[in-house]
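Undergrad: Assemble chains L and F onto chain V, guided by the hints.
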Amino acid sequence: MSAEQLAFYFFASLTLISALLVVCMQNLVRSIFLFFVTIFSLAAMFVFALADFIAVTEVVVYVGGVLVLMLFAFMLSNKELLSGLQNIAGGFKFTHLAGLLICGGMLFLLVSAISAADVVNLSWIKNGQAISENDNTIHQIGIHTMTRYLLPFEVVSVFLMMALIGAAHLSRRERRS
Amino acid sequence: MDFLTFSANTLCLLSLIALVFPFSSFLVILQLKKSQGATISIFNISVSLIASLLVFINVWNSTTLQQQVEWFQVGTVSISAGILLNNLSVLMMVLVSAISLLVHIYSISYMKGDENIYKYWAYLGLFCFSMMGLVISDSLLLIYMFWELVGMSSYLLIGFWFTKDAASQAAKKAFIMNRIGDLGFLTGLMIIYSQFGTFDIGRLFNVGGLVDSASIINGFWISESASVPVIWLTIAGLAFFIGAMTKSAQFPLHTWLPDAMQGPTSVSSLIHAATMVAAGVFLLGRVYPLFDSIALNTITVVGVFTAFMAATIALTQNDIKRILAYSTISQLGFMIAAMGIGAYGESIFHLATHAFFKCLLFLAAGSVIHQLHHYKEHHSLEFNHQDIRLMGGLRKQMPIAFITMCIAAAALAGLPFTSGFLSKDAILITSFEWAEGYHGFKKLVPFVLVLTSWLTVFYIGRLIFKVFFGKSNYKGVKDAPWPMTRILLILAFFSLFPLFSVNPLSYDNSWLLQGFVPAGVKPFDIFHLLVPIIVTGISAIIVLISYKLYGGTATKQLPENGLLYRFSNRAWYLDRVYDLLFVRSITALSIISHKFDTLIVDGLVNSLAGLARIISDIIHWFDRHVVDGLVNGIASLASKTGDFARQFQTGKLQHYLITMLTLVVTFFIITYLI
Amino acid sequence: MIPLSHFMIISAALFCIGLFAVLTKRNAIQILIGIEFMINAAILNFVAAGRFDRVAGGGQMFALFAIVLAAAGVAVALAIILNVYKHFRTINPDKIDTLKN
Chain V
4 MSAEQLAFYF
14 FASLTLISAL
24 LVVCMQNLVR
34 SIFLFFVTIF
44 SLAAMFVFAL
54 ADFIAVTEVV
64 VYVGGVLVLM
74 LFAFMLSNKE
84 LLSGLQNIAG
94 GFKFTHLAGL
104 LICGGMLFLL
114 VSAISAADVV
124 NLSWIKNGQA
134 ISENDNTIHQ
144 IGIHTMTRYL
154 LPFEVVSVFL
164 MMALIGAAHL
174 SRRERRS
Chain L
4 MDFLTFSANT
14 LCLLSLIALV
24 FPFSSFLVIL
34 QLKKSQGATI
44 SIFNISVSLI
54 ASLLVFINVW
64 NSTTLQQQVE
74 WFQVGTVSIS
84 AGILLNNLSV
94 LMMVLVSAIS
104 LLVHIYSISY
114 MKGDENIYKY
124 WAYLGLFCFS
134 MMGLVISDSL
144 LLIYMFWELV
154 GMSSYLLIGF
164 WFTKDAASQA
174 AKKAFIMNRI
184 GDLGFLTGLM
194 IIYSQFGTFD
204 IGRLFNVGGL
214 VDSASIINGF
224 WISESASVPV
234 IWLTIAGLAF
244 FIGAMTKSAQ
254 FPLHTWLPDA
264 MQGPTSVSSL
274 IHAATMVAAG
284 VFLLGRVYPL
294 FDSIALNTIT
304 VVGVFTAFMA
314 ATIALTQNDI
324 KRILAYSTIS
334 QLGFMIAAMG
344 IGAYGESIFH
354 LATHAFFKCL
364 LFLAAGSVIH
374 QLHHYKEHHS
384 LEFNHQDIRL
394 MGGLRKQMPI
404 AFITMCIAAA
414 ALAGLPFTSG
424 FLSKDAILIT
434 SFEWAEGYHG
444 FKKLVPFVLV
454 LTSWLTVFYI
464 GRLIFKVFFG
474 KSNYKGVKDA
484 PWPMTRILLI
494 LAFFSLFPLF
504 SVNPLSYDNS
514 WLLQGFVPAG
524 VKPFDIFHLL
534 VPIIVTGISA
544 IIVLISYKLY
554 GGTATKQLPE
564 NGLLYRFSNR
574 AWYLDRVYDL
584 LFVRSITALS
594 IISHKFDTLI
604 VDGLVNSLAG
614 LARIISDIIH
624 WFDRHVVDGL
634 VNGIASLASK
644 TGDFARQFQT
654 GKLQHYLITM
664 LTLVVTFFII
674 TYLI
Chain F
20 MIPLSHFMII
30 SAALFCIGLF
40 AVLTKRNAIQ
50 ILIGIEFMIN
60 AAILNFVAAG
70 RFDRVAGGGQ
80 MFALFAIVLA
90 AAGVAVALAI
100 ILNVYKHFRT
110 INPDKIDTLK
120 N
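Protein chains in written order, with this note's numbering: chain V, 4 to 180; chain L, 4 to 677; chain F, 20 to 120.
Chain V with its partners taken away, still in its complex shape:
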């Protein structure tokens, strides 16, 4: 097993384990911070797919934006819940069983679909031009953004603005009349 593979599987297991912990953790603050770990290891896996720029963006957006937002929301919404939620009785619930079964079934379906698809031998993956380690992907992304993907880019920016306006509108203080 090469060093690359070793590192990859290390990060992969780190991702999955931390994600599981995030999901199972009863303490909300801890689970939010563990989410942080998941995102970082996920970004590391992006690097293994030679998408360094995406990895950096992922970290910046999630750690810089999403996580902070979540903590804020948590702090704003949990004055009295703070005490109540953190030690919800961890008893086993029916929904847990159902959820577990559904997710297990889903995993089974996805994995069998992946193996049935035999992705490694798809013609466009086998014959397609793969990104090599020496390529300057950031340069490529910059060019693509302004040429081939200009329309999606514009649409995304409009969408983003709509989302921002919507968020601002939703969370504004209600005026007492």
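Simulated from the structure, these hints should not be mistaken for laboratory data.
Note that the structure is a prediction, hence the values are computed from the model and not measured.
Any given hint might turn out to be false.
[Unchecked claim] Pairs of lysine-lysine, DSS-like flavour, derived with a Cα cap of 27 Å:
{"#": "1", "chain 1": "L", "residue 1": "K115", "chain 2": "L", "residue 2": "K167"}
{"#": "2", "chain 1": "L", "residue 1": "K399", "chain 2": "L", "residue 2": "K551"}
{"#": "3", "chain 1": "F", "residue 1": "K105", "chain 2": "L", "residue 2": "K655"}
{"#": "4", "chain 1": "L", "residue 1": "K474", "chain 2": "L", "residue 2": "K551"}
{"#": "5", "chain 1": "L", "residue 1": "K379", "chain 2": "L", "residue 2": "K167"}
{"#": "6", "chain 1": "F", "residue 1": "K114", "chain 2": "L", "residue 2": "K655"}
[Said to hold, decoys possible] Restraint-style ranges between C-beta atoms, simulated for each label pair:
{"#": "7", "chain 1": "L", "residue 1": "W74", "chain 2": "V", "residue 2": "E7", "range": "47 to 53 Å"}
{"#": "8", "chain 1": "V", "residue 1": "F36", "chain 2": "L", "residue 2": "T601", "range": "52 to 58 Å"}
{"#": "9", "chain 1": "L", "residue 1": "D631", "chain 2": "V", "residue 2": "P155", "range": "53 to 59 Å"}
{"#": "10", "chain 1": "L", "residue 1": "V629", "chain 2": "F", "residue 2": "F107", "range": "31 to 37 Å"}
{"#": "11", "chain 1": "V", "residue 1": "M4", "chain 2": "L", "residue 2": "E227", "range": "54 to 60 Å"}
{"#": "12", "chain 1": "F", "residue 1": "H106", "chain 2": "L", "residue 2": "M155", "range": "42 to 48 Å"}
{"#": "13", "chain 1": "L", "residue 1": "T665", "chain 2": "V", "residue 2": "E7", "range": "36 to 42 Å"}
Note that CB positions come from ideal geometry on N, CA and C, so glycine has one too.
TA: Chains L and F in isolation, oriented as in the chain V frame:
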């Protein structure tokens, strides 16, 4: 005149000055909101006129200037914006600014006392700006933008007296009708862009430009960068023509123009006679090389038909402004028809002469209306001061209005020694020469045009004789004040031949026409002799007839209830037809779909909801009696089952999600396993 | 070089973990985290497949767009959560059962 010769850069700067000054008056006046808007806007439009004249002197018949800057860039596509100065655009610049200046000065006294007068000046400034921009832009995209601005400012001006219901309705109608044309223009733009990849008029339409060098091979229209079936060439031409049709009020999109007479008369004069309606003809002139034979034939037919139809409508109208409006439509039909038969220069020539004499007709009619309105207010009478049946005998009371209007009417009728004679003859003779080479319906074109020009003589004669001859009903009405009448006199001079040609009887020597038609003189054929003589002779007879009919003191009552009379008086019932065809049918459609909605769709939804209610009632009953009974009856294991069944109706999102996913996953696992 | 199918299996696992959180958690914020996991699983697939698309760069570009959209989604979702909290005084989806009536 060396000191008046400028370099190319200075000329472009001058034309920018001519463009920007009216716009600045728009901004400044809207900011100030004061009534001294008149001074500002007259100063600005004068600067614009001087700049235009300087540009005109330098560019006319000598050079074609085009300067552009990069406007914006999208990906690898770069769009430029710039100025294109050639004979057509400098002529239009001078025409627009000169007539605007005259109308501005006229408006000082005409609009005196209106409370929102500053808005009037501001809108006029906006209009002049957009019209100037339209004529000097070198890019179809820019022209399109200014085209929209022209429509917008005309909307504002038509609805200037927006408290009058009719005025706001008319403004709305004009605006909506113009949207149809904009759609056509836009279609043309898109076709041009996809075919040639540029909006640059210079590159597209110059001799040897992109449109010129595109070829048609095997039914395909092939340019440097693209090749499409040749039908698209026709469609592009027709699309631009639809754009021109609405702005220039051609059948069947002309109905907004007569209604637009609800605006102030000075506005009607500026917009709906001289400049804005000319934008359509101007557009045709700009994209002229694009038209193929089908498009040209369509243009000819529409133009000729419009000219004839509008003339017949004008015969029986009684509102002085409506008569003039229909005569405008008719004259525009002449210009469009001239474009269609390839008489490009003659069409522009008629555009220029028509601008002056139609402006004069409107302003003179405006002065009559203005004076009668004051008379009415002064004596607190109640009558329609625009109805020509109620006028009469004003010849002695308003001599200046009478004389100038007679000159303008003579020009409209195409009587000798006027500018209209030159340009109308030019179109008629060219149409005869053109028809020589064809058979079938094309032979009819010149005859219909001649017939239309005789109708023109009759209705304008009727207007003059009814208004100015006969017995006067109003004692003490005087000519309009000097600031208004001096404008009439200036315009009257411009409506005579000297401005356009030294020889009053032959258009061939007109400097204006020679600017557009190559100098190689056409062979002098029989039409040059016959057409003016016959047309003028019969016109003179028609003038006499109409004098007999309307000029006497005891005006003979013509039968006013014949089928033809009603047909003409109601403008061929076109408004009614449109109302029936579009408004009513759409209303009916929406009523039907509303019914459909309430009865069928809502009914379906309601019955579905009812069904769901019944089902859920059943399930509820089942829950209550069977499951609960079971729970009560059997032990704790059974109670768990009951809990399980109930949890599907918890109202909790996650439970619904679980249910849904269970079904989906189960379904796929089963299909996978089988 | 890691084979594509490994990436995809990991992404499938991450997706299922996210799904589990969405189905079972008692706190709207944790549900949101579950949704983020699912989106990130999809992004991982994009990136992994995008490695073989050097010319068009589709995978990476759309991964970028997806990140941006997910962030926007979070902003809106959190605003909604705050409003829900204001209205119901709780963000436990179990207690919000107005759908039942």
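Undergrad: All hints, please: hold or fail.
TA: Comparing the hints with the structure gives:
A hinted pair counts as satisfied when its Cα atoms are at most 27 Å apart, and L/K115 with L/K167 qualifies at roughly 18 Å. At most 27 Å may separate the alpha-carbon atoms for a hinted pair to count; L/K399 and L/K551 meet this at roughly 19 Å. A hinted pair counts as satisfied when its Cα atoms are at most 27 Å apart, and F/K105 with L/K655 qualifies at roughly 19 Å. Distance check on the hinted pair: L/K474 and L/K551 sit about 15 Å apart at the alpha-carbon level, within 27 Å; holds.
Under the criterion of a C-alpha separation no larger than 27 Å, the hint pairing L/K379 with L/K167 is consistent with the structure, at around 19 Å. For a cut-off of 27 Å, the pair hint linking F/K114 to L/K655 stands: about 8 Å separates their Cα positions. Between L/W74 and V/E7 the CB atoms are about 51 Å apart, so this pair conforms to the stated range of 47 to 53 Å. Checked against the given bound of 52 to 58 Å, the beta carbons of V/F36 and L/T601, roughly 56 Å apart, stay inside it.
For the pair L/D631 and V/P155, the supplied restraint of 53 to 59 Å holds, since their beta-carbon distance comes to about 55 Å. Look at L/V629 against F/F107: about 34 Å separates their beta carbons, and that is inside 31 to 37 Å. Against the hinted window of 54 to 60 Å, the Cβ-Cβ separation of V/M4 and L/E227 comes to about 59 Å, which satisfies the hint. For the hinted restraint 42 to 48 Å between F/H106 and L/M155, the CB-CB distance of approximately 45 Å keeps it satisfied.
L/T665 and V/E7 have their C-beta atoms about 40 Å apart, which keeps the hinted 36 to 42 Å range intact.
Checked against the numbered hints above, the structure breaks none of them.
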